[in-house]
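Counting from 1, position 225 in the sequence shown corresponds to residue 251 in the numbering used here; the numbering is continuous, with no gaps.
Take every hint as true, because none was put in to throw you off.
With a Cα cut of at most 25 Å, we get these calculated SDA-like pairs of lysine to any residue:
1. 202 to 143
2. 202 to 265
3. 202 to 39
4. 202 to 144
5. 236 to 177
6. 33 to 146
7. 198 to 40
8. 236 to 222
9. 198 to 151
10. 83 to 265
11. 198 to 87
12. 198 to 136
Label pairs and their in silico Cβ distance ranges:
13. 33 to 152: 22 to 28 Å
14. 229 to 147: 45 to 51 Å
15. 162 to 262: 29 to 35 Å
These are computed hints drawn from the structure, not numbers from a lab.
For each residue, glycine too, the CB sits at the ideal point set by N, CA and C.
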Amino acid sequence: MNKINRKHTFFIIAASTLYGLITVGGQFFANSGFSLYEISGLIFFLAISLAPLLVFKKEYRIPREQITFFIIFGFIGAGLQIGQFAGIILGVPVAVVALLLYSQPIWTSVFSRFFLNEAITTRKLLALLLALTGIIVLVNPFGIQNKFSTAGLGAALGAGVFFSLWVIWGRKSALKNQHFLTTTFGFSFFTSLWLLLLYPLATLLWEEPKFARFDPGIYLEFWWAVAGFTIFAGLMPNFLAFAGMRKVDASTTGVLLLFEPISAAILAFIFFNQPLTSNIWLGGGFLLLANYVLLRTGSS
27 MNKINRKHTF FIIAASTLYG LITVGGQFFA NSGFSLYEIS GLIFFLAISL APLLVFKKEY
87 RIPREQITFF IIFGFIGAGL QIGQFAGIIL GVPVAVVALL LYSQPIWTSV FSRFFLNEAI
147 TTRKLLALLL ALTGIIVLVN PFGIQNKFST AGLGAALGAG VFFSLWVIWG RKSALKNQHF
207 LTTTFGFSFF TSLWLLLLYP LATLLWEEPK FARFDPGIYL EFWWAVAGFT IFAGLMPNFL
267 AFAGMRKVDA STTGVLLLFE PISAAILAFI FFNQPLTSNI WLGGGFLLLA NYVLLRTGSS
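Turn these sequences into a full structure, and let the hints guide you.
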(Lines of atoms letter the chains of each structure in order from A and count residues from 1; the text may use other names and numbers.)
(Lines give C-alpha, C1' and ligand atoms only; values in the text may rest on other atoms or scores of the structure.)
Protein backbone atom coordinates (compact mmCIF):
# COMPACT_ATOMS: atom_id res chain seq x y z
CA MET A 1 0.00 0.00 0.00
CA ASN A 2 1.58 3.30 -0.98
CA LYS A 3 1.86 6.28 1.35
CA ILE A 4 -1.10 8.29 0.09
CA ASN A 5 -3.40 5.26 0.13
CA ARG A 6 -2.33 4.42 3.67
CA LYS A 7 -3.25 7.94 4.79
CA HIS A 8 -6.64 7.92 3.08
CA THR A 9 -7.36 4.40 4.33
CA PHE A 10 -6.68 5.63 7.86
CA PHE A 11 -9.20 8.42 7.26
CA ILE A 12 -11.88 5.80 6.46
CA ILE A 13 -11.04 3.68 9.52
CA ALA A 14 -11.05 6.73 11.83
CA ALA A 15 -14.40 7.82 10.37
CA SER A 16 -15.80 4.33 10.85
CA THR A 17 -14.81 4.33 14.53
CA LEU A 18 -16.50 7.70 15.10
CA TYR A 19 -19.62 6.56 13.23
CA GLY A 20 -20.17 4.15 16.11
CA LEU A 21 -21.44 7.18 18.00
CA ILE A 22 -24.42 7.49 15.62
CA THR A 23 -26.33 4.42 16.79
CA VAL A 24 -25.25 4.93 20.41
CA GLY A 25 -26.28 8.59 20.21
CA GLY A 26 -29.56 7.54 18.62
CA GLN A 27 -30.19 5.24 21.58
CA PHE A 28 -29.47 8.09 24.01
CA PHE A 29 -31.85 10.46 22.22
CA ALA A 30 -34.55 7.77 22.03
CA ASN A 31 -34.18 7.14 25.77
CA SER A 32 -34.45 10.91 26.33
CA GLY A 33 -37.83 11.11 24.60
CA PHE A 34 -36.86 12.15 21.07
CA SER A 35 -39.13 10.87 18.29
CA LEU A 36 -37.84 9.12 15.18
CA TYR A 37 -38.18 12.30 13.15
CA GLU A 38 -36.51 14.45 15.81
CA ILE A 39 -33.52 12.10 15.85
CA SER A 40 -33.36 11.98 12.05
CA GLY A 41 -33.56 15.77 11.95
CA LEU A 42 -30.28 16.09 13.86
CA ILE A 43 -28.51 16.05 10.50
CA PHE A 44 -29.85 19.57 9.90
CA PHE A 45 -27.31 20.88 12.43
CA LEU A 46 -24.48 19.66 10.18
CA ALA A 47 -25.75 21.87 7.38
CA ILE A 48 -26.33 24.83 9.72
CA SER A 49 -22.81 24.60 11.19
CA LEU A 50 -21.21 24.61 7.71
CA ALA A 51 -23.43 27.27 6.12
CA PRO A 52 -21.38 30.30 7.33
CA LEU A 53 -18.21 28.82 5.82
CA LEU A 54 -19.90 28.42 2.44
CA VAL A 55 -21.13 32.00 2.57
CA PHE A 56 -17.58 33.36 2.88
CA LYS A 57 -15.70 30.68 0.89
CA LYS A 58 -16.96 30.50 -2.67
CA GLU A 59 -14.79 27.48 -3.52
CA TYR A 60 -16.78 25.30 -1.09
CA ARG A 61 -20.20 26.09 -2.57
CA ILE A 62 -22.15 23.50 -4.55
CA PRO A 63 -21.71 24.06 -8.31
CA ARG A 64 -25.00 24.68 -10.06
CA GLU A 65 -24.53 21.68 -12.36
CA GLN A 66 -24.21 19.39 -9.31
CA ILE A 67 -27.55 20.32 -7.72
CA THR A 68 -29.36 17.28 -9.17
CA PHE A 69 -26.56 15.02 -7.93
CA PHE A 70 -26.98 16.31 -4.38
CA ILE A 71 -30.78 16.14 -4.54
CA ILE A 72 -30.41 12.40 -5.14
CA PHE A 73 -27.73 12.20 -2.45
CA GLY A 74 -30.15 13.88 -0.03
CA PHE A 75 -32.91 11.35 -0.78
CA ILE A 76 -30.44 8.56 -0.06
CA GLY A 77 -29.55 10.29 3.21
CA ALA A 78 -33.19 10.64 4.24
CA GLY A 79 -33.78 6.91 3.72
CA LEU A 80 -30.64 6.14 5.69
CA GLN A 81 -31.57 8.45 8.57
CA ILE A 82 -35.11 7.12 8.95
CA GLY A 83 -34.13 3.47 8.49
CA GLN A 84 -31.28 3.31 10.98
CA PHE A 85 -33.10 5.18 13.76
CA ALA A 86 -36.45 3.41 13.19
CA GLY A 87 -34.85 0.18 14.35
CA ILE A 88 -33.74 1.81 17.60
CA ILE A 89 -37.15 3.43 18.20
CA LEU A 90 -38.80 0.01 17.66
CA GLY A 91 -36.64 -1.54 20.37
CA VAL A 92 -33.92 -3.31 18.40
CA PRO A 93 -30.63 -3.18 20.39
CA VAL A 94 -27.95 -0.77 19.19
CA ALA A 95 -25.47 -3.51 18.31
CA VAL A 96 -28.00 -5.37 16.13
CA VAL A 97 -29.08 -2.18 14.31
CA ALA A 98 -25.44 -1.39 13.57
CA LEU A 99 -24.79 -4.89 12.28
CA LEU A 100 -27.82 -5.03 9.98
CA LEU A 101 -26.90 -1.57 8.75
CA TYR A 102 -23.55 -3.07 7.82
CA SER A 103 -24.93 -5.53 5.36
CA GLN A 104 -23.84 -2.48 3.35
CA PRO A 105 -20.61 -4.01 1.88
CA ILE A 106 -22.66 -6.67 0.10
CA TRP A 107 -24.75 -4.09 -1.72
CA THR A 108 -21.75 -1.81 -2.26
CA SER A 109 -19.81 -4.54 -4.06
CA VAL A 110 -22.73 -4.97 -6.47
CA PHE A 111 -23.61 -1.29 -6.90
CA SER A 112 -19.98 -0.20 -7.36
CA ARG A 113 -19.74 -2.51 -10.35
CA PHE A 114 -22.73 -0.88 -12.04
CA PHE A 115 -22.34 2.75 -10.94
CA LEU A 116 -18.54 3.06 -10.88
CA ASN A 117 -17.33 0.14 -13.00
CA GLU A 118 -15.11 -1.08 -10.17
CA ALA A 119 -13.55 -4.51 -10.52
CA ILE A 120 -14.68 -7.26 -8.14
CA THR A 121 -11.35 -8.91 -7.29
CA THR A 122 -10.64 -12.17 -5.47
CA ARG A 123 -9.29 -10.16 -2.54
CA LYS A 124 -12.49 -8.14 -2.27
CA LEU A 125 -14.64 -11.27 -2.51
CA LEU A 126 -12.65 -12.93 0.28
CA ALA A 127 -12.99 -9.85 2.47
CA LEU A 128 -16.71 -9.68 1.67
CA LEU A 129 -17.19 -13.36 2.58
CA LEU A 130 -15.43 -12.84 5.90
CA ALA A 131 -17.50 -9.71 6.55
CA LEU A 132 -20.77 -11.49 5.74
CA THR A 133 -19.80 -14.35 8.07
CA GLY A 134 -19.10 -11.83 10.81
CA ILE A 135 -22.48 -10.16 10.36
CA ILE A 136 -24.32 -13.52 10.49
CA VAL A 137 -22.46 -14.56 13.65
CA LEU A 138 -23.04 -11.18 15.31
CA VAL A 139 -26.76 -10.97 14.53
CA ASN A 140 -27.42 -14.67 15.25
CA PRO A 141 -30.48 -14.80 12.95
CA PHE A 142 -31.57 -18.28 14.09
CA GLY A 143 -33.03 -16.90 17.31
CA ILE A 144 -33.71 -13.30 16.39
CA GLN A 145 -37.38 -13.40 15.32
CA ASN A 146 -38.66 -14.04 18.81
CA LYS A 147 -36.61 -11.26 20.37
CA PHE A 148 -36.88 -8.13 18.24
CA SER A 149 -39.40 -6.23 16.14
CA THR A 150 -39.64 -7.55 12.58
CA ALA A 151 -40.39 -4.03 11.32
CA GLY A 152 -37.36 -2.70 13.19
CA LEU A 153 -35.12 -5.34 11.69
CA GLY A 154 -36.49 -4.63 8.21
CA ALA A 155 -35.91 -0.89 8.65
CA ALA A 156 -32.30 -1.45 9.74
CA LEU A 157 -31.66 -3.80 6.82
CA GLY A 158 -33.21 -1.29 4.39
CA ALA A 159 -30.91 1.33 5.87
CA GLY A 160 -28.02 -0.94 4.88
CA VAL A 161 -29.04 -0.58 1.22
CA PHE A 162 -29.27 3.20 1.56
CA PHE A 163 -25.91 3.22 3.34
CA SER A 164 -24.41 1.40 0.37
CA LEU A 165 -25.78 4.06 -1.97
CA TRP A 166 -24.35 6.69 0.40
CA VAL A 167 -20.89 5.14 -0.11
CA ILE A 168 -21.40 5.05 -3.89
CA TRP A 169 -22.51 8.69 -4.04
CA GLY A 170 -19.71 9.76 -1.70
CA ARG A 171 -17.18 8.13 -4.01
CA LYS A 172 -18.84 9.70 -7.07
CA SER A 173 -18.58 13.10 -5.39
CA ALA A 174 -14.87 12.51 -4.72
CA LEU A 175 -14.33 11.54 -8.36
CA LYS A 176 -15.98 14.83 -9.32
CA ASN A 177 -13.27 16.55 -7.22
CA GLN A 178 -15.79 17.97 -4.77
CA HIS A 179 -14.17 19.15 -1.52
CA PHE A 180 -15.18 17.10 1.51
CA LEU A 181 -16.72 20.23 3.06
CA THR A 182 -18.90 20.68 -0.03
CA THR A 183 -19.95 17.03 0.01
CA THR A 184 -20.78 17.10 3.72
CA PHE A 185 -22.85 20.26 3.38
CA GLY A 186 -24.64 19.11 0.21
CA PHE A 187 -25.47 15.73 1.68
CA SER A 188 -26.70 17.09 5.03
CA PHE A 189 -28.62 20.05 3.57
CA PHE A 190 -30.54 18.05 0.96
CA THR A 191 -31.14 15.20 3.43
CA SER A 192 -32.74 17.76 5.77
CA LEU A 193 -34.80 19.12 2.89
CA TRP A 194 -36.08 15.65 1.97
CA LEU A 195 -36.96 14.93 5.60
CA LEU A 196 -38.96 18.16 5.66
CA LEU A 197 -40.76 17.31 2.41
CA LEU A 198 -41.56 13.78 3.61
CA TYR A 199 -42.84 14.91 7.01
CA PRO A 200 -46.54 15.22 5.98
CA LEU A 201 -46.41 11.65 4.66
CA ALA A 202 -44.74 10.48 7.86
CA THR A 203 -47.56 11.94 9.97
CA LEU A 204 -50.08 9.98 7.89
CA LEU A 205 -48.18 6.70 8.13
CA TRP A 206 -47.21 6.98 11.81
CA GLU A 207 -49.78 8.27 14.27
CA GLU A 208 -47.75 7.47 17.38
CA PRO A 209 -45.80 10.47 18.78
CA LYS A 210 -42.62 8.42 19.13
CA PHE A 211 -42.39 8.32 15.33
CA ALA A 212 -43.58 11.55 13.73
CA ARG A 213 -43.71 14.16 16.50
CA PHE A 214 -41.47 17.13 15.75
CA ASP A 215 -40.84 19.68 18.51
CA PRO A 216 -37.81 21.97 17.92
CA GLY A 217 -37.80 22.82 21.62
CA ILE A 218 -36.34 19.44 22.49
CA TYR A 219 -33.13 20.38 20.67
CA LEU A 220 -32.74 23.40 22.97
CA GLU A 221 -33.38 21.27 26.05
CA PHE A 222 -30.60 18.87 25.07
CA TRP A 223 -28.38 21.43 23.30
CA TRP A 224 -25.19 19.99 24.80
CA ALA A 225 -25.93 16.50 23.47
CA VAL A 226 -26.98 17.89 20.08
CA ALA A 227 -23.73 19.88 19.85
CA GLY A 228 -21.57 16.89 20.79
CA PHE A 229 -23.43 14.61 18.40
CA THR A 230 -23.10 17.12 15.55
CA ILE A 231 -19.34 17.45 16.02
CA PHE A 232 -18.21 13.93 16.92
CA ALA A 233 -20.82 11.77 15.13
CA GLY A 234 -21.47 14.13 12.21
CA LEU A 235 -18.87 16.63 11.10
CA MET A 236 -15.66 14.81 12.01
CA PRO A 237 -16.47 11.35 10.57
CA ASN A 238 -18.06 12.81 7.42
CA PHE A 239 -15.01 14.99 6.78
CA LEU A 240 -12.73 11.97 7.23
CA ALA A 241 -14.87 9.61 5.15
CA PHE A 242 -15.37 11.93 2.17
CA ALA A 243 -11.68 12.90 2.24
CA GLY A 244 -10.66 9.24 2.31
CA MET A 245 -12.92 8.33 -0.60
CA ARG A 246 -10.78 10.49 -2.89
CA LYS A 247 -8.18 7.69 -2.98
CA VAL A 248 -10.05 4.59 -1.76
CA ASP A 249 -12.59 2.89 -4.02
CA ALA A 250 -16.20 2.34 -2.95
CA SER A 251 -16.15 -1.44 -2.45
CA THR A 252 -13.01 -1.21 -0.29
CA THR A 253 -14.50 1.69 1.67
CA GLY A 254 -17.61 -0.42 2.32
CA VAL A 255 -15.58 -3.11 4.08
CA LEU A 256 -13.31 -0.67 5.93
CA LEU A 257 -16.42 0.97 7.41
CA LEU A 258 -17.12 -2.28 9.26
CA PHE A 259 -15.12 -0.95 12.18
CA GLU A 260 -18.32 0.97 13.04
CA PRO A 261 -20.39 -1.95 14.43
CA ILE A 262 -17.45 -3.02 16.57
CA SER A 263 -17.19 0.53 17.91
CA ALA A 264 -20.98 0.70 18.40
CA ALA A 265 -21.07 -2.60 20.31
CA ILE A 266 -18.28 -1.49 22.67
CA LEU A 267 -19.88 1.92 23.24
CA ALA A 268 -23.30 0.30 23.83
CA PHE A 269 -21.68 -1.90 26.49
CA ILE A 270 -20.05 1.12 28.16
CA PHE A 271 -23.03 3.48 28.13
CA PHE A 272 -26.08 1.16 28.16
CA ASN A 273 -24.69 -2.03 29.66
CA GLN A 274 -25.74 -4.01 26.58
CA PRO A 275 -23.78 -7.28 26.89
CA LEU A 276 -20.76 -8.15 24.76
CA THR A 277 -21.79 -11.75 24.08
CA SER A 278 -19.62 -14.48 22.60
CA ASN A 279 -21.20 -14.05 19.16
CA ILE A 280 -20.28 -10.34 19.22
CA TRP A 281 -16.65 -11.22 20.00
CA LEU A 282 -16.52 -13.95 17.36
CA GLY A 283 -18.36 -11.94 14.73
CA GLY A 284 -16.19 -8.92 15.47
CA GLY A 285 -13.14 -11.10 14.92
CA PHE A 286 -14.37 -12.02 11.43
CA LEU A 287 -14.97 -8.34 10.63
CA LEU A 288 -11.46 -7.42 11.77
CA LEU A 289 -10.06 -10.27 9.68
CA ALA A 290 -11.95 -8.96 6.63
CA ASN A 291 -10.32 -5.58 7.13
CA TYR A 292 -6.91 -7.20 7.60
CA VAL A 293 -7.25 -8.92 4.22
CA LEU A 294 -7.75 -5.53 2.56
CA LEU A 295 -5.08 -3.69 4.55
CA ARG A 296 -2.49 -6.45 4.17
CA THR A 297 -2.66 -6.45 0.38
CA GLY A 298 -3.35 -2.76 -0.31
CA SER A 299 -6.58 -0.81 -0.40
CA SER A 300 -6.82 0.51 -3.92
